[in-house]
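Take a look at the letters that make up each chain.
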Amino acid sequence: MPKPKMPKSAPSLDMTPMVDLGFLLVTFFILTAKFRPNEPVLVDTPSSTSELLLPEKIMLVTIDSDGRVFFDIHGKDVRREMINGMIERHPELKLTEEQLKRFSVMGMFGMDLANLGTYLKEDEAVRAKMDQMTKGIPTDSLKNELAEWIQEGYEAFMIDAQNKGISVEDLRDDEGLRYAIKADGATEYEKIEKVIDIFREKNIFQFNMVTTLEAGVDISAESE
Amino acid sequence: MAEIIESGGGEKGGKKRPKKGVVRMDMTPMVDLAFLLLTFFILATSLSKPKTLEIIYPKEVENNDEKTKLADELATTILIGAGEEHLFYYHGKFDPDTTVLQKTDFSKDGFRKVLLDKNRTINERVFELKADLNSKQLSKEEYEAQYKEAYSKIVNDELAPFVIVKTIDKSMWRNVVNAMDELNICNVRKRAILDMEKNEQEAVEKRVTELGLPAAKESSND
Chain A
1 MPKPKMPKSA
11 PSLDMTPMVD
21 LGFLLVTFFI
31 LTAKFRPNEP
41 VLVDTPSSTS
51 ELLLPEKIML
61 VTIDSDGRVF
71 FDIHGKDVRR
81 EMINGMIERH
91 PELKLTEEQL
101 KRFSVMGMFG
111 MDLANLGTYL
121 KEDEAVRAKM
131 DQMTKGIPTD
141 SLKNELAEWI
151 QEGYEAFMID
161 AQNKGISVED
171 LRDDEGLRYA
181 IKADGATEYE
191 KIEKVIDIFR
201 EKNIFQFNMV
211 TTLEAGVDIS
221 AESE
Chain B
1 MAEIIESGGG
11 EKGGKKRPKK
21 GVVRMDMTPM
31 VDLAFLLLTF
41 FILATSLSKP
51 KTLEIIYPKE
61 VENNDEKTKL
71 ADELATTILI
81 GAGEEHLFYY
91 HGKFDPDTTV
101 LQKTDFSKDG
111 FRKVLLDKNR
121 TINERVFELK
131 ADLNSKQLSK
141 EEYEAQYKEA
151 YSKIVNDELA
161 PFVIVKTIDK
171 SMWRNVVNAM
181 DELNICNVRK
191 RAILDMEKNE
201 QEAVEKRVTE
211 LGLPAAKESS
221 ND
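Those sequence lines, one after another, are chains A and B. If you count the first sequence from 1, position 53 lands on 53 in this note's numbering, and the numbers rise without skipping. If you count the second sequence from 1, position 68 lands on 68 in this note's numbering, and the numbers rise without skipping.
Hints listed in this document are in silico derivations from the structure and should not be mistaken for laboratory results. Think of the CB as a built atom: it goes at the ideal place given N, C-alpha and C, for glycine as much as any other residue. Check each hint, because a few of them may be wrong.
As the list claims (entries may be wrong) - Non-contacting residues of chain A with respect to chain B, defined by C-beta distances greater than 12 angstroms in every case (computed):
hint : residue
1    : ASP20
2    : SER47
3    : ARG89
4    : LEU93
5    : GLU98
6    : GLU124
7    : SER141
8    : LYS164
9    : ASP174
10   : GLU214
To be verified - So the derived label-pair ranges between C-beta atoms look like this:
hint : chain 1 : residue 1 : chain 2 : residue 2 : range
11   : A       : ALA10     : B       : PHE35     : 19 to 29 angstroms
12   : A       : MET133    : B       : LEU138    : 48 to 58 angstroms
13   : B       : LEU138    : A       : ALA114    : 57 to 67 angstroms
14   : B       : GLU210    : A       : ASP170    : 49 to 59 angstroms
15   : A       : LYS135    : B       : LEU138    : 51 to 61 angstroms
16   : A       : ASP173    : B       : PHE35     : 38 to 48 angstroms
17   : A       : MET133    : B       : SER107    : 53 to 63 angstroms
18   : B       : LEU129    : A       : VAL126    : 55 to 65 angstroms
19   : A       : PHE205    : B       : GLU197    : 38 to 48 angstroms
20   : A       : ASN203    : B       : ASP157    : 22 to 32 angstroms
21   : B       : THR28     : A       : HIS90     : 58 to 68 angstroms
22   : A       : ASN163    : B       : LYS59     : 29 to 39 angstroms
23   : A       : GLU97     : B       : PRO50     : 28 to 38 angstroms
Construct all of the structure, not just a fragment, from the sequences and the given hints.
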């Protein structure tokens, strides 16, 4: 029997396909990943069987289990426009260019106007603390800042859409601004109703309630 | 790290031939890095995208003409009390003396059964519609369009039952969403969210003590 010939060099494996696959997946995940902005509150949304995806262009009002209200709107340019509108409305709100920039890239916020300037000036650690301490955006009828944010947000969205040349038909269809409410399952309905009533005063009646998916049910099978 | 493996040549002595070499690179570090990134992105990507439940609230109507037009026998009302389990329903019109509030929940055999029973004819028509459209072999868009139109006709039928969800200030949001979800599942499109009447609230409280249900948590902020 001939002696098996041992290879001289160390055994090596052709890893090219594996690497190809690895990088393909990396590329895929890099491209599809979207970084979630820091959310100031944790909200445990109720589950539903609805499979509708949350639209992208939304004005999102978040209500945590204590009834604190946070506000967010999609799009950097829209936010910039919105804060400008808000400053016009409240000349006492003085923000530097840097604060404006930070506001436009920031996610959700739940500050009243009096504290917004400080909030935007501070660094992340302080902001996280302020998020915990805050009472949310005021919604009471004396100082209804949420209504003002909604109004300014809507106007800013419209201006932005005009700048981008989106037609009226598209706005009515898929491209329009949707209104989403994300509330904790344990929130009292009173708090949500209050927010909804503010929207209704602005003639907005259709809402997307943010939920997590639970397994769907087929009633045709069940009713047999 | 790159090495050249020499194959052949040299051994035979005599004439020196140009070296035939296969360039091989040690790819381990690169692979390590690639998989590190891969792991990171897999973990950092949120897999479950938030879903949404569409709810359309009615315009504030001052006169109650619309409401009274609906026949009482088609109405079912679900009352959502303060506690997690404070869920009751009744059919028809509320009468503080005779109406018995039925305890219910959002499990498979709870409120859904009641609704399916009530909404039987509508559901059957929806199934028929689905079967009918499926047999026609339509393209997806055609299917969607036809289904949507026929569906809305069926569920908005004059004789379709309607459900009123009644809440109080302390009702839990989760219960309201669940109720709306049940209505979606059972093809009940005629619906409304209203505030509970005073006498209904009293009835709920009475029933809660009767059944000895756990009271609502005083506050959820701890």
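We went through each hint and held it up to the structure:
1. ASP20: violated (10 angstroms)
2. SER47: violated (8 angstroms)
3. ARG89: Its Cβ never comes within 12 angstroms of chain B, the nearest being 26 angstroms, so this holds.
4. LEU93: holds (30 angstroms)
5. GLU98: holds (28 angstroms)
6. GLU124: holds (18 angstroms)
7. SER141: holds (16 angstroms)
8. LYS164: holds (24 angstroms)
9. ASP174: holds (14 angstroms)
10. GLU214: violated (8 angstroms)
11. A:ALA10 - B:PHE35: 19 to 29 angstroms: Holds, at about 22 angstroms.
12. A:MET133 - B:LEU138: 48 to 58 angstroms: Between MET133 of chain A and LEU138 of chain B, where Cβ atoms are some 57 angstroms apart, the hint holds.
13. B:LEU138 - A:ALA114: 57 to 67 angstroms: Distance hint for LEU138 of chain B, ALA114 of chain A holds at roughly 58 angstroms.
14. B:GLU210 - A:ASP170: 49 to 59 angstroms: holds (56 angstroms)
15. A:LYS135 - B:LEU138: 51 to 61 angstroms: Once the Cβ atoms are compared, 54 angstroms apart, the range 51 to 61 angstroms for LEU138 of chain B and LYS135 of chain A holds.
16. A:ASP173 - B:PHE35: 38 to 48 angstroms: holds (43 angstroms)
17. A:MET133 - B:SER107: 53 to 63 angstroms: violated (40 angstroms)
18. B:LEU129 - A:VAL126: 55 to 65 angstroms: holds (58 angstroms)
19. A:PHE205 - B:GLU197: 38 to 48 angstroms: violated (23 angstroms)
20. A:ASN203 - B:ASP157: 22 to 32 angstroms: Given a distance of about 29 angstroms, which is inside 22 to 32 angstroms, the answer is holds.
21. B:THR28 - A:HIS90: 58 to 68 angstroms: holds (60 angstroms)
22. A:ASN163 - B:LYS59: 29 to 39 angstroms: Given range 29 to 39 angstroms: holds, Cβ gap about 31 angstroms.
23. A:GLU97 - B:PRO50: 28 to 38 angstroms: The hint (28 to 38 angstroms, Cβ to Cβ) holds, given that GLU97 of chain A and PRO50 of chain B are roughly 33 angstroms apart.
In this structure, the hints that do not hold are numbers 1, 2, 10, 17 and 19, in rising order.
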